[in-house]
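> Given the sequences, and given the hints that come with them, work out the whole structure.
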Amino acid sequence: RGDTGGGAGGTGDTIFALSSAPGRCGVAVIRASGPGSRGALQSLAGTPKMPPPRVLALRRIRDPHTAETLDRGLVVWFPGLGGINWGRLPGLRPAEPGEFTLRAFRRGKLDLTAAEGLRDLIGAETEAQRRQALRQMEGELGQLYQGWSHTLTQGLSVCFIPKFGYGQGLSVCFIPQIRVWTGALCVCFIPKFGCGQGLSVCVLSPNSVASTVRALEQQIRAHLRDGRRGELLRGGVRAVIAGPPNAGKSSLLNLLWRVPKCHLCPGTPCHPPVLQDGRGAGGAAGAAGQTAGTAVSAGGGDGGDPKGSSWLCQADLVLAVLDVTSVSPTPRALGAALATLEPPPGTPCVLVLNKADLLGGQGVSPSATCAQGHPATLLSCKTGEGLEALLELLAKQLEQLCGDPLLGSSSLTQSRHSRHLGACVAALARFNRGDNGDLAVAAEQLRVARRELGRITGHVGTEDILDVIFRDFCVGK
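All residue numbers in the sequence shown are consecutive under the UniProt record's numbering, ending with 477.
By construction, these hints were calculated from the structure, which means they are not laboratory data. Honestly, I wouldn't trust all of these hints.
Stated by the list, open to error - Across the chosen pairs, the derived CB separations fall in these ranges: (1) K49 <-> R107: 27 to 35 Å; (2) P344 <-> G434: 32 to 40 Å; (3) G147 <-> V27: 37 to 45 Å; (4) G373 <-> V441: 41 to 49 Å; (5) S415 <-> A215: 42 to 50 Å; (6) E125 <-> P344: 43 to 51 Å.
In this text, all values refer to a predicted model and were calculated from it rather than measured experimentally. Where is the CB? At the ideal position from N, CA and C, for every residue including glycine.
See the structure below:
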């Protein structure tokens, strides 16, 4: 390699990083990659003899300058590129965030969707997030998009097979038609000469292409109509606690957290809690361990505070807290009370009828605890009565919002995927309309659609998005 290394994307540098968690720990993992990694291992291990490839070996880790023993540890060596001699070792440098994965992407070991899956797997906090990220890292989402791209490639491919007989040539009148097709499509000429045979042309059926593109457009539209399930599972459900004054919003938040919290002012967002799978002091509840509450507000209804209303408009799930002693637990009355909170249309709501301990022995009929199709449940934040029922209800709501990451095809997990798929669908719609009937224009729409799919997986036009994706990685990856 040269004496000067490139930037984060350069593969000629030798890079190293702490790949395990920083801070005090029993075992630390240090990773090095590049042409100087062999020499670094020989210097640190204090011996010119390399361990067998891909086999863990116990070695004394020594200071390369003083030969003083620093520690004992396991080393493993992965020869790269078939054992090519890299030449003189110019030194090592610390790795940039995500540089190891970026090098794997540049070598074609994985596409961008798999790299994003790896990033999500590292940051997964719940079991469901881990499952979704693992499926994406193993290539399911990338394979889905590449399959669609292959379908478009077939639609763009036309094969001409001229067969020339003895003494026959290519008719001049056919050349303009070839120019029309070559200006629009990918053309492959396969001349075959035979005796007594004329010119024959085999072209992909336009009707077949049109029906295939129409079916593909419907598939992608259905993929986009997943209700943001993948994004919600990856980033968390935005839950907002709303209700009239003194209904018990802060008490509910404290109950879910199981730790004392200060009283929240109307509409003031607090730190996002994580509702994890379980029923102990470690967390509240979640559908298969969903993350809930990337922005939870204990306001939204107090005094018409505009900030609380803003949080309410951005909610994925609304917990409407009502004082059961102040409202009749009938569908009509509950619906009227919910309407005063003005939740966004179509947003799932759970009505929490708080202060159930003040009802005495009256109780409430389960059939009456439903308003406008939204489920409702009794709760006493003071005694904890009804908490289990609320947690079960939240689990069902989160499951409906996020789905099961193990069922069906992989879901959308990134907003950039939605953006490129939207542009792809728009191009396919223009192709299917066939406004002017021009073959070159129609083929250009297919090329635009395929280019948008390629930008998702990183096969085309990747340079402008690589920094955005890999800058969020930890240094050791």
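> Taking 27 to 35 Å as the hint, is the beta-carbon distance of K49 and R107 inside that range?
Holds, at about 29 Å.
> I want to verify a distance hint. Is the separation of the beta carbons of G147 and V27 within 37 to 45 Å?
holds, 41 Å
> Do S415 and A215 keep their Cβ atoms within the hinted range of 42 to 50 Å?
About 26 Å separates the Cβ atoms of S415 and A215, which means 42 to 50 Å is violated.
> Using the Cβ atoms, figure out if E125 sits within 43 to 51 Å of P344.
violated, 26 Å
> Given the hint of 32 to 40 Å, check if P344 and G434 actually sit that far apart at their C-beta atoms.
holds, 39 Å
> Between the beta carbons of G373 and V441, is the distance compatible with 41 to 49 Å?
With Cβ atoms ~47 Å apart, the hint holds.
The structure shown violates the earlier hints numbered 5, 6.
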